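Undergrad: Using the sequences provided together with the hints, build the complete structure.
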Amino acid sequence: MSLSLEQLKKFVVDDIVAIRGTAMLEPAGGPGDKIFPPTHSVDDKNKRPGAKYAFETRRIDGHDVTCVLIDSVQSQANRMEEALQTLWDDGKIALPVISVDFSSVAPEVGRVTSLTAPHRIADALLRDSLLNDQLFRLSEIGKSFTDASTRDATALFKVCPTGLVFGLWDSTGPKGGLGAKFQRALVSEIVGINAVYGTKTASRIDPLNIAKDAVVLYKASDGNEMWTANPDEAEIKDGKPVKVGKSENAGKPSAVLHGNIVPSIDSVGGGVTIDDARHTVVLSLASLRRLGFTTGAKEARTVLAALGLLAILAAESRGHDLRSRCLLVPKKGSALKLEAVARDGSTTPVDLDLAGAIKLYNDAVGELPDGVRFDKPAGEALAELTPSPKLADLVKKSRELAATEADFGDE
1 MSLSLEQLKK FVVDDIVAIR GTAMLEPAGG PGDKIFPPTH SVDDKNKRPG AKYAFETRRI
61 DGHDVTCVLI DSVQSQANRM EEALQTLWDD GKIALPVISV DFSSVAPEVG RVTSLTAPHR
121 IADALLRDSL LNDQLFRLSE IGKSFTDAST RDATALFKVC PTGLVFGLWD STGPKGGLGA
181 KFQRALVSEI VGINAVYGTK TASRIDPLNI AKDAVVLYKA SDGNEMWTAN PDEAEIKDGK
241 PVKVGKSENA GKPSAVLHGN IVPSIDSVGG GVTIDDARHT VVLSLASLRR LGFTTGAKEA
301 RTVLAALGLL AILAAESRGH DLRSRCLLVP KKGSALKLEA VARDGSTTPV DLDLAGAIKL
361 YNDAVGELPD GVRFDKPAGE ALAELTPSPK LADLVKKSRE LAATEADFGD E
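So the sequence shown is numbered by full-length UniProt numbering: it starts at 1 and just counts up by one.
Quick caveat, the hints were computed from the structure, so don't treat them as lab data. These numbers were taken from a predicted model, which means no experiment stands behind them. Take the hints with a grain of salt, since some may be wrong.
[What the hints assert, rightly or not] Lysine-lysine pairs mimicking DSSO-like chemistry, simulated, CA-CA at most 30 Å apart: (1) Lys34 x Lys45; (2) Lys212 x Lys200; (3) Lys396 x Lys246; (4) Lys243 x Lys47; (5) Lys200 x Lys246; (6) Lys331 x Lys143; (7) Lys34 x Lys331; (8) Lys10 x Lys92; (9) Lys212 x Lys175; (10) Lys237 x Lys212; (11) Lys298 x Lys200; (12) Lys246 x Lys47; (13) Lys10 x Lys298; (14) Lys359 x Lys331; (15) Lys9 x Lys240; (16) Lys376 x Lys359; (17) Lys200 x Lys45.
[To be verified] The calculated label-pair distances, taken between Cβ atoms and stated as ranges, are: (18) Asn132 x Ser221: 25 to 31 Å; (19) Arg373 x Ser72: 30 to 36 Å; (20) Pro174 x Leu257: 44 to 50 Å.
Every residue, glycine too, gets a C-beta built ideally from N, C-alpha and C.
TA: Now the structure itself:
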């Protein structure tokens with residue numbers, strides 16, 4: 001039987017410490033297929049094999065095991081928030097969401113919300129936007145959560161409950177680094193077990209076989225032209241025409257993606273093979289119990305617990321297509337299973353699917369009393385902001401600079 005609201009209420013007030021889940025995943029191509037973890041910057045002095053990936057040794061079943069991070073806690077949180085955003089867009093859930101419309105300055109971005117902004121409601125994009133011609137943090141909503149704390153999280157719950165589930169540090173607000181901090185109540189991570197780094201190759205055969213030293217190319221003074229072989233049409237700096245590109249490719253056809261690329265082998269970021277990938281998710285009810293509210297504390301904590309479960313299952317329903325060449329699927333019989341863990345270590349299976357989680361969450365929201373009740377119905381934004389003139393100008397100038405400094409062929 002699917003988890004009921006009454007059962008969840010008991011979990012929240014009783015001795016259940018957490019709701020956790022694990023799944024064993026494998027590459028969609030099957031065992032032994034290579035996958036590509038997220039890459040990180042590498043110092044030129046540290047270009048050892050696999051250096052772009054986050055390798056570490058973990059203790060598993062009493063043994064030291066080489067593991068690699070496949071999807072971080074932060075990345076998983078973003079994926080869960082994106083899944084919640086879709087449910088909210090579709091009008092399936094009532095959730096306080098603050099939206100900023102960037103369509104006038106960044107049409108391809110369109111809208112950024114408190115669900116998609118990196119720092120949620122405390123993000124600088126919201127801080128530097130306007131609500132009715134007033135900076136957001138000077139508005140009634142923006143001021144409301146400035147003094148939020150774990151002892152009284154009421155104001156933040158009413159404007160950004162996801163900040164209480166995924167964590168929040170209000171470092172961009174009036175208090176700066178002294179702004180309110182809320183720890184993550186929901187943590188999810190995917191790690192590759194028994195990981196071995198690999199290599200990848202790269203090459204390009206130009207059908208026109210343009211020679212690398214055929215001619216010197218310059219940055220065209222006409223930005224639409226990008227490059228030119230005529231010095232008289234080039235951009236001039238210090239009295240000399242500026243070569244297109246940077247470093248050893250400057251002025252060569254390869255700087256504008258013409259010519260052959262000599263085959264090369266990359267072992268710094270050449271992917272990995274693993275025995276399997278372990279997906280672990282933990283929703284801390286103990287963390288939610290530490291949150292205080294001026295009224296409706298039990299109901300608010302129940303909504304947060306239901307929101308966490310909904311986020312888990314909404315993201316899970318999308319699968320694990322994490323990035324290019326990193327599609328994971330559950331091993332047979334090892335899909336995500338949830339269980340409640342009590343203070344004494346005993347466990348209770350939690351039976352819940354996405355449809356049940358949506359109903360559970362909406363039922364919990366429906367029982368919120370005055371004082372913590374959400375102000376807007378499903379799919380309707382709590383506030384719709386516009387970028388301030390200074391933020392819009394910053395975006396425009398940044399894009400203009402990016403367009404003029406496009407560096408072809410230089411990775």
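Undergrad: Take the hints in turn and mark each one as holding or not.
TA: Hint-by-hint comparison with the structure:
1. Lys34 x Lys45: Within the cut-off at roughly 26 Å; holds.
2. Lys212 x Lys200: holds (24 Å)
3. Lys396 x Lys246: holds (25 Å)
4. Lys243 x Lys47: Holds: Lys243 and Lys47 sit about 29 Å apart, inside 30 Å.
5. Lys200 x Lys246: holds (24 Å)
6. Lys331 x Lys143: Measuring from Cα to Cα gives roughly 48 Å; hence the hint is violated.
7. Lys34 x Lys331: holds (16 Å)
8. Lys10 x Lys92: Given that 30 Å is the threshold and the Cα spacing comes to 25 Å, the pair holds.
9. Lys212 x Lys175: violated (56 Å)
10. Lys237 x Lys212: holds (24 Å)
11. Lys298 x Lys200: violated (54 Å)
12. Lys246 x Lys47: holds (21 Å)
13. Lys10 x Lys298: holds (10 Å)
14. Lys359 x Lys331: Roughly 28 Å between the alpha carbons, so the hint for Lys359 and Lys331 holds.
15. Lys9 x Lys240: violated (74 Å)
16. Lys376 x Lys359: holds (18 Å)
17. Lys200 x Lys45: At roughly 20 Å apart (the allowed maximum being 30 Å), Lys45 and Lys200 satisfy the hint.
18. Asn132 x Ser221: 25 to 31 Å: Cβ of Asn132 to Cβ of Ser221: about 44 Å, so the range 25 to 31 Å is violated.
19. Arg373 x Ser72: 30 to 36 Å: With Cβ atoms ~35 Å apart, the hint holds.
20. Pro174 x Leu257: 44 to 50 Å: At roughly 48 Å between Cβ atoms, Leu257 and Pro174 fall inside 44 to 50 Å, so the hint holds.
In this structure, the hints that do not hold are numbers 6, 9, 11, 15, 18, in rising order.
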